[in-house]
Amino acid sequence: MSTKMIAASAAAASLSLFWASSALAVTELQWWHAMTGANNEVVDTLAKEFNEKQGDYKIVPVFKGTYPETLNAGIAAFRAKQTPAIIQVFDVGTGVMMAAEGAVMPVAEVLEKGGYEFDKSKYLSGITAYYSKPDGTMLSFPYNSSSPILYYNKDIFEKAGLDVDNPPKTWPEVWEAARKIKTSGAAECGYTSTWLTWIQTENFAAWNNVSYATNENGLADTNVELKFNEPLFVEHFQSIADLAKEGVFRYGGRTSEAKQLFLSGECGILTESSGGLGDIVKSGMNYGIGQLPYYEGEGRPQNTIPGGASLWVFGGKSDEEYKGIAEFFNFLSQPEIQARLHQVSGYLPVTMEAYNTTKESGFYEENPGRETPIQQMMGKEPTENSKGVRLVNLPQVRDIMNEEFEAMLAGEQDAQAALDKAVERGNAAIQQALGN
Amino acid sequence: MQNVVFPNKILPYLLVAPQIILTVIFFFWPASQALYQSAMREDPFGLRSTFVGFANFTAIFNDPNYLHSLQVTVVFSVATAVLAMGTALLLATAADLVVRGRGFYRTFMIIPYAVAPAVAGMLWLFMFNPAMGTFAYLLRRNGVMWDPLLDGNQAMLLVVVAAAWKQISYNFLFFVAGLQAIPKSLLEAASIDGARGSRRFWTIIFPLLAPTTFFLLVVNTVYAFFDTFGIIHAVTGGGPAKATETLVYKVYNDGFVNLNLGSSAAQSVVLMVIVIGLTAFQFRFVEKKVHYG
Numbered sequence: 000m001s002t003k004m005i006a007a008s009a010a011a012a013s014l015s016l017f018w019a020s021s022a023l024a025v026t027e028l029q030w031w032h033a034m035t036g037a038n039n040e041v042v043d044t045l046a047k048e049f050n051e052k053q054g055d056y057k058i059v060p061v062f063k064g065t066y067p068e069t070l071n072a073g074i075a076a077f078r079a080k081q082t083p084a085i086i087q088v089f090d091v092g093t094g095v096m097m098a099a100e101g102a103v104m105p106v107a108e109v110l111e112k113g114g115y116e117f118d119k120s121k122y123l124s125g126i127t128a129y130y131s132k133p134d135g136t137m138l139s140f141p142y143n144s145s146s147p148i149l150y151y152n153k154d155i156f157e158k159a160g161l162d163v164d165n166p167p168k169t170w171p172e173v174w175e176a177a178r179k180i181k182t183s184g185a186a187e188c189g190y191t192s193t194w195l196t197w198i199q200t201e202n203f204a205a206w207n208n209v210s211y212a213t214n215e216n217g218l219a220d221t222n223v224e225l226k227f228n229e230p231l232f233v234e235h236f237q238s239i240a241d242l243a244k245e246g247v248f249r250y251g252g253r254t255s256e257a258k259q260l261f262l263s264g265e266c267g268i269l270t271e272s273s274g275g276l277g278d279i280v281k282s283g284m285n286y287g288i289g290q291l292p293y294y295e296g297e298g299r300p301q302n303t304i305p306g307g308a309s310l311w312v313f314g315g316k317s318d319e320e321y322k323g324i325a326e327f328f329n330f331l332s333q334p335e336i337q338a339r340l341h342q343v344s345g346y347l348p349v350t351m352e353a354y355n356t357t358k359e360s361g362f363y364e365e366n367p368g369r370e371t372p373i374q375q376m377m378g379k380e381p382t383e384n385s386k387g388v389r390l391v392n393l394p395q396v397r398d399i400m401n402e403e404f405e406a407m408l409a410g411e412q413d414a415q416a417a418l419d420k421a422v423e424r425g426n427a428a429i430q431q432a433l434g435n
Numbered sequence: 000m001q002n003v004v005f006p007n008k009i010l011p012y013l014l015v016a017p018q019i020i021l022t023v024i025f026f027f028w029p030a031s032q033a034l035y036q037s038a039m040r041e042d043p044f045g046l047r048s049t050f051v052g053f054a055n056f057t058a059i060f061n062d063p064n065y066l067h068s069l070q071v072t073v074v075f076s077v078a079t080a081v082l083a084m085g086t087a088l089l090l091a092t093a094a095d096l097v098v099r100g101r102g103f104y105r106t107f108m109i110i111p112y113a114v115a116p117a118v119a120g121m122l123w124l125f126m127f128n129p130a131m132g133t134f135a136y137l138l139r140r141n142g143v144m145w146d147p148l149l150d151g152n153q154a155m156l157l158v159v160v161a162a163a164w165k166q167i168s169y170n171f172l173f174f175v176a177g178l179q180a181i182p183k184s185l186l187e188a189a190s191i192d193g194a195r196g197s198r199r200f201w202t203i204i205f206p207l208l209a210p211t212t213f214f215l216l217v218v219n220t221v222y223a224f225f226d227t228f229g230i231i232h233a234v235t236g237g238g239p240a241k242a243t244e245t246l247v248y249k250v251y252n253d254g255f256v257n258l259n260l261g262s263s264a265a266q267s268v269v270l271m272v273i274v275i276g277l278t279a280f281q282f283r284f285v286e287k288k289v290h291y292g
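If you're matching them up, the sequences are chains A and B in order.
Heads up, the first sequence is in numbering that gives the first Met the number 0, so the first residue is 0 and it goes up one at a time.
Heads up, the second sequence is in numbering that gives the first Met the number 0, so the first residue is 0 and it goes up one at a time.
Any given hint might turn out to be false.
Stated by the list, open to error - Only pairs whose alpha carbons sit at most 25 angstroms apart, straight line, appear in this in silico DSS-like list of lysine-lysine:
{"id": "1", "chain 1": "A", "residue 1": "Lys244", "chain 2": "B", "residue 2": "Lys241"}
{"id": "2", "chain 1": "A", "residue 1": "Lys316", "chain 2": "A", "residue 2": "Lys132"}
{"id": "3", "chain 1": "A", "residue 1": "Lys132", "chain 2": "A", "residue 2": "Lys322"}
{"id": "4", "chain 1": "A", "residue 1": "Lys179", "chain 2": "A", "residue 2": "Lys244"}
{"id": "5", "chain 1": "A", "residue 1": "Lys119", "chain 2": "A", "residue 2": "Lys379"}
{"id": "6", "chain 1": "B", "residue 1": "Lys241", "chain 2": "A", "residue 2": "Lys226"}
{"id": "7", "chain 1": "A", "residue 1": "Lys179", "chain 2": "A", "residue 2": "Lys158"}
{"id": "8", "chain 1": "A", "residue 1": "Lys119", "chain 2": "A", "residue 2": "Lys132"}
{"id": "9", "chain 1": "A", "residue 1": "Lys420", "chain 2": "B", "residue 2": "Lys241"}
Hints in this document: simulated from the structure, not taken from any laboratory.
Make the full structure from the sequences, and use the hints.
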């Protein structure tokens with residue numbers, strides 16, 4: 000596969016080089032991305048607007064498949080020395096990109112080359128903290144961010160005799176409501192969740208202000224030990240395992256498959272990314288939105304961590320190309336563009352100004368719930384537990400967790416055993432990835 | 000046999016050259032790369048690489064997950080081959096008895112073969128996914144705890160059926176051809192001697208089909224080993240808890256998801272050895288027992 004891909008990209012690159020030199024000496028910049036559907040249209044519109052605005056550079060968006068596929072395409076292109084100018088990398092790939100020192104150019108330096116500066120104060124602090132090096136250098140350009148929230152089916156709540164206007168706030172309240180939905184016969188299943196890893200461990204840790212791994216969850220240093228087998232996690236997952244046994248919790252799959260269980264009315268409560276709102280709105284169901292639940296305790300809830308993706312720039316490009324990329328990033332960071340991106344795509348605004356613009360326009364009054372994920376993420380200054388999770392091989396650690404969770408939900412092991420095993424296997428995988 | 004001598008010394012080489020070139024480019028070159036990678040430890044971007052000798056191989060053979068995956072592959076391959084060949088043989092003998100509409104049945108039997116593995120996987124997923132599948136809904140409705148997302152055996156059953164379903168057409172085609180090649184006079188003679196249907200089948204048809212069966216056994220094993228990646232990827236993604244992670248799927252997962260290229264390359268080298276060994280074994284021992292009529 001990679002051979003073919005390399006050959007194809009080589010052919011494409013030489014062809015584009017030929018066109019570029021024969022035409023008006025416009026510098027062409029490829030933007031590899033993983034956006035589908037409506038979000039793909041946003042990417043194309045942005046590129047088109049930028050290209051029409053000036054004549055020196057041309058952004059060419061190229062769809063490369065899913066997030067992992069796009070990352071792999073970028074890696075293969077780097078190995079073949081045919082890198083695109085800009086590549087969109089999902090949150091869990093951040094650690095992979097950061098470990099590739101020398102392969103990437105920090106976005107702060109790229110902007111400097113174009114005579115701009117990356118002003119961190121303009122951006123939401125949760126987002127800048129996640130995408131910068133321990134020394135504070137901004138590494139990638141935040142493009143789309145999302146945060147997990149709680150969705151509930153108002154019709155089912157009413158049938159079950161639950162308060163339709165006040166969704167459960169804490170996890171014990173969620174379990175109680177979920178059981179009531181099942182026992183009252185309002186729905187077949189009370190609660191389901193997409194992304195058990197992202198929502199129930201990574202965001203769970205940040206939101207409850209407990210440690211996921213040592214060294215600030217990997218943000219301070221890459222050599223980390225996982226900590227998600229501590230009591231609070233065990234309590235949480237044992238509750239989910241118990242609910243699964245009772246048939247109150249239904250497992251949908253490792254990524255966002257569980258959304259279907261909510262859309263079909265089988266489950267009354269769902270925790271899902273704010274980016275999943277579009278499908279729920281489209282279904283025309285009578286839904287409500289609440290904050291991500293937490294466990295009661297001092298200082299809780301803390302803040303959620305950003306999911307989504309950011310834009311990375313490869314090293315080894317010409318100054319002219321870097322200038323063009325800087326121009327494009329400057330174009331992207333304009334408040335109007337950011338505000339529109341947020342309102343159209345359903346992702347979070349990444350700059351303060353974009354957030355304020357949207358707020359003033361009355362958008363949140365017309366679209367209740369759309370502000371919840373933002374408030375969750377920027378309500379508080381992040382602590383060492385809530386800046387995010389960054390591991391050199393987070394995708395692999397997530398897979399390990401999913402496997403242990405599946406065995407747990409199937410009743411083969413309890414939560415303590417599942418989490419202990421996941422930590423043990425995860426730690427071994429991290430050490431291997433670090434080359435120790 | 001008589002030796003044939005070509006008068007032209009260069010032409011034969013020219014004639015086989017395209018095939019040799021293709022084999023070198025698409026087999027020998029990637030295989031040599033895999034061998035090289037299997038002795039290295041490298042970061043995903045190829046910035047730092049160190050020679051580690053056989054460390055990757057010792058690591059995979061000490062990995063319980065790898066041995067588990069080997070076991071999964073054996074179960075999956077045997078089940079898929081048996082189901083695909085058994086069903087195809089049954090259908091082929093049945094189709095052989097059909098007098099009217101023979102062409103119609105045959106054509107329709109062959110259609111699934113035209114479906115790409117990933118699409119076949121999606122079809123079965125749409126039918127049996129517990130979140131959206133119609134059949135999954137019916138099963139649950141009737142009290143069957145159908146949940147292949149958590150139950151490893153059900154997940155295995157699902158991928159085996161999907162993989163076998165796709166291969167049945169191919170096997171069917173060859174069995175039908177094999178059946179047509181059996182001289183009618185033999186069957187008639189057996190009938191006159193008083194042999195009933197099942198006896199005729201086991202004493203005449205089945206032995207005479209042996210070359211076809213043997214050929215299909217090789218093809219089906221290779222199919223189950225290598226061509227079912229798309230189905231597993233679409234239906235279960237190797238889950239739940241590695242219950243359907245075959246060797247090929249593990250090569251992909253470790254290489255392209257976990258970005259552990261050294262281990263992935265070592266696994267593909269082992270896989271190469273297994274398949275070469277398996278094919279050699281089949282031709283050396285099983286083929287001897289096959290009677291070519």
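Consistency of the hints with the structure:
For the hint pairing lysine 244 of chain A with lysine 241 of chain B, the CA-to-CA distance comes to about 21 angstroms; that is within 25 angstroms, so the pair holds. For the proposed pair lysine 316 of chain A and lysine 132 of chain A, the alpha carbon gap of about 21 angstroms is at most 25 angstroms, so the pair holds. Among the hinted pairs, lysine 132 of chain A with lysine 322 of chain A is consistent with the structure: their alpha-carbon atoms are about 22 angstroms apart, no more than 25 angstroms. With a C-alpha separation of about 15 angstroms, the suggested pair lysine 179 of chain A and lysine 244 of chain A falls inside the 25 angstroms cut-off, and the hint holds.
Between lysine 119 of chain A and lysine 379 of chain A the alpha-carbon distance is near 17 angstroms, which keeps this suggested pair within the 25 angstroms criterion. Note on lysine 241 of chain B and lysine 226 of chain A: the hinted pairing holds, with a Cα-Cα distance of about 23 angstroms set against a maximum of 25 angstroms. With a CA separation close to 10 angstroms, the supplied pair lysine 179 of chain A and lysine 158 of chain A stays within the 25 angstroms bound. Between the alpha carbons of lysine 119 of chain A and lysine 132 of chain A the distance comes to roughly 13 angstroms, so the proposed pair stays at or under 25 angstroms and holds.
As the CA atoms of lysine 420 of chain A and lysine 241 of chain B are separated by approximately 14 angstroms, the hinted pair is consistent with the 25 angstroms bound.
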